[in-house]
Amino acid sequence: MQRKTITERRDWRAYAESVGFDFHTINGEPYWDESAYYQFSWEQVEAQLEPATEAVHALALALVPEILASEALLTQLAIPPAFWDYLANSWQQQQPQLYGRMDFSYDGQQPPKLLELNYDTPTALFESGFFQWMWLEQQSANRQLPPAADQFNSIQEKLIEVFASLALPQPLYFTCVADSAEDRGNVNYLMECAVQAGVQSQFIGLEQLSEAGGQFVDVLGNPIHALFKLYPWEFMLQEDFASVLLTSHTQFLEPPWKLLLSNKGILPLLWQRHRGHPNLLESHFDDSTTTLPSGWVRKPLFSREGANIELRDFAGVPLHADGPYGGAGMIRQRLCPLPVFVDQQRNREVHTLIGSWVVGGQAAGIGIREDDTPITRNSSRFVPHIMLD
Amino acid sequence: MLPHSRKRSRHVALMVMVPAATSLLLSGCGPNRVEQGVVYQDVQECSQQNPEATALCATDYQEAQVQHQNVAPRYTTREECESDFGTERCEAAPQQHASGSFFMPMMMGYLAGQMFSRPNVGQSATGGIPTQPLYKSRDDQSSFRTASNQPVATGSGAVNVRPGNVALRPASIMRSGGFGATAARMAASSSGS
Chain F
1 MQRKTITERR
11 DWRAYAESVG
21 FDFHTINGEP
31 YWDESAYYQF
41 SWEQVEAQLE
51 PATEAVHALA
61 LALVPEILAS
71 EALLTQLAIP
81 PAFWDYLANS
91 WQQQQPQLYG
101 RMDFSYDGQQ
111 PPKLLELNYD
121 TPTALFESGF
131 FQWMWLEQQS
141 ANRQLPPAAD
151 QFNSIQEKLI
161 EVFASLALPQ
171 PLYFTCVADS
181 AEDRGNVNYL
191 MECAVQAGVQ
201 SQFIGLEQLS
211 EAGGQFVDVL
221 GNPIHALFKL
231 YPWEFMLQED
241 FASVLLTSHT
251 QFLEPPWKLL
261 LSNKGILPLL
271 WQRHRGHPNL
281 LESHFDDSTT
291 TLPSGWVRKP
301 LFSREGANIE
311 LRDFAGVPLH
321 ADGPYGGAGM
331 IRQRLCPLPV
341 FVDQQRNREV
351 HTLIGSWVVG
361 GQAAGIGIRE
371 DDTPITRNSS
381 RFVPHIMLD
Chain R
1 MLPHSRKRSR
11 HVALMVMVPA
21 ATSLLLSGCG
31 PNRVEQGVVY
41 QDVQECSQQN
51 PEATALCATD
61 YQEAQVQHQN
71 VAPRYTTREE
81 CESDFGTERC
91 EAAPQQHASG
101 SFFMPMMMGY
111 LAGQMFSRPN
121 VGQSATGGIP
131 TQPLYKSRDD
141 QSSFRTASNQ
151 PVATGSGAVN
161 VRPGNVALRP
171 ASIMRSGGFG
181 ATAARMAASS
191 SGS
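Sequences listed follow chains F and R, in order.
To convert, note that position 164 of the first sequence is 164 in the working numbering; the numbers rise steadily by one, no gaps.
To convert, note that position 104 of the second sequence is 104 in the working numbering; the numbers rise steadily by one, no gaps.
Errors might be hidden in some of the hints.
[Stated by the list, open to error] Straight-line C-alpha distance at most 30 Å; calculated BS3-like pairs for lysine-lysine:
1. R:7 / F:4
2. F:113 / F:4
3. R:136 / F:113
[Stated by the list, open to error] Simulated DEER-style distance windows between Cβ atoms:
4. F:165 / R:91: 29 to 39 Å
5. R:139 / F:26: 27 to 37 Å
6. F:70 / R:169: 41 to 51 Å
7. R:184 / F:26: 14 to 24 Å
[As the list claims (entries may be wrong)] Facing chain R, from chain F, some residues (calculated, C-beta under 7 Å):
8. 19
9. 123
10. 177
11. 179
12. 182
13. 183
14. 207
15. 236
16. 305
17. 308
18. 324
19. 375
20. 378
Calculated from the structure, these hints are not laboratory results.
Note that beta-carbon positions come from the ideal geometry of N, C-alpha and C, so glycine has one too.
Isolated chain F (complex conformation) (with noise of 0.2 Å):
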């Protein structure tokens, strides 16, 4: 695993902005960033970061029916009890997933280490999927990487084949937060898979859902049979709308099981099944009246994007993330610090996490993103990657 400088394609830019990603520049910084690309050999892809997502993702899968035959464990992960049934439900029914993604602490030597998985409303998809397979192949058009250099990243192919294989009600209704730019860009990219597996496929704002006997009706009254939504489970669940999911029959994506997954306490969880997996990191749930020892993180049960989360690193010295959530419980996880590598065009050291995707159950690609603090954020930088032996 190695950090390599490249000369960046001249139109880039006006290239992202003609296929709909006009969230490359985040407040004047660098989000997409070519200036640099990770290469990986294929030892660390296929013998170790593949395997170690499909692992993870047995075990999380695994987890589910245990959690929802618990009252213990429901009430620990912080689930609304009015829902534990809409939930159990969803899974005694199979509804299907269609993707998630899990992130890693990985130094290209020593086995990834899960941090958080990411199940729910996962991001930066269409970067992963659509934009860096295009920055290689125009890349090594412009023999500006050698010919052989492929990529961990087959998934667009993968999305399209899932959707094709879902079997849903269609039309297959979208839906997010209307006005932000990033969420709004990876649901088009969604709705453009679905599209090309053939999936009659169609946008509704978030405050747009209405409800009529019951069912989540559009607004001109048409039954919404099937739904994929970029916004959490939990805050779905404290709207007043919740109460229209107890009635209405319609099929989500993300199904309702995946609440259990994208919540960290399946990070103690999974340490107390499984204590000494090399892909994971020790966990505990947390009553955060305690200092945080020295070599641990602190992360809320909810949160999205690196917000509330405390880290004390080896030598004692806090770093605190400020963000809007907390309240419902926190765990603490076994600090791994993320490799660091040095960016040479800006002189500086930067922290780099692996964002490993699981599209239909199987491991489908990495996102790479770049941050200067050891604790990525929303803003931190999308690099792209390459294999090469």
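On the provided structure of chain F, position chain R as indicated by the hints.
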């Protein structure tokens, strides 16, 4: 060295993705066929024009009146209803819930779906469109509209309609608002992770 299997998508393209796309609805093999129906203001008009079929006129009219109870749009106040359908053009809806009463527009005509498709007496109609009540909105008194606000005709007589446009839907009170309040409160730039 053994040749490696390819680890990336064989082919990747964007077919329909455009900035600010709001709808990627692809039309499937939908119900684009056209069926014939007849619009009447009331049962007398039907009987005058079809003196040989007065029994059928009566059956259709009764069916439209029954459907009127089922599908007419509901309002929580008479004022709201009249603002859409005009003064003294609304009536109380049949009581369906223990909680509260509702108002709905008066039936101003009906669409007879079986006048052309009815086979011999004793056989049921095949295909066709459902017989149903029609309404007139306050600001467009020239059009007959379905309970779903679909204009079907500007006067009595035969009309061509797409069955999908005149499907019957139970009347219900739509509640709007949806989701999104939590993200708005947190002022998060993104709800993804």
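Checked hints:
| no. | hint | verdict |
| --- | --- | --- |
| 1 | R:7 / F:4 | holds (20 Å) |
| 2 | F:113 / F:4 | holds (23 Å) |
| 3 | R:136 / F:113 | violated (66 Å) |
| 4 | F:165 / R:91: 29 to 39 Å | violated (51 Å) |
| 5 | R:139 / F:26: 27 to 37 Å | violated (46 Å) |
| 6 | F:70 / R:169: 41 to 51 Å | holds (42 Å) |
| 7 | R:184 / F:26: 14 to 24 Å | holds (20 Å) |
| 8 | 19 | holds (6 Å) |
| 9 | 123 | holds (3 Å) |
| 10 | 177 | holds (5 Å) |
| 11 | 179 | violated (10 Å) |
| 12 | 182 | holds (5 Å) |
| 13 | 183 | holds (5 Å) |
| 14 | 207 | holds (4 Å) |
| 15 | 236 | holds (5 Å) |
| 16 | 305 | holds (6 Å) |
| 17 | 308 | violated (11 Å) |
| 18 | 324 | holds (4 Å) |
| 19 | 375 | violated (14 Å) |
| 20 | 378 | holds (6 Å) |
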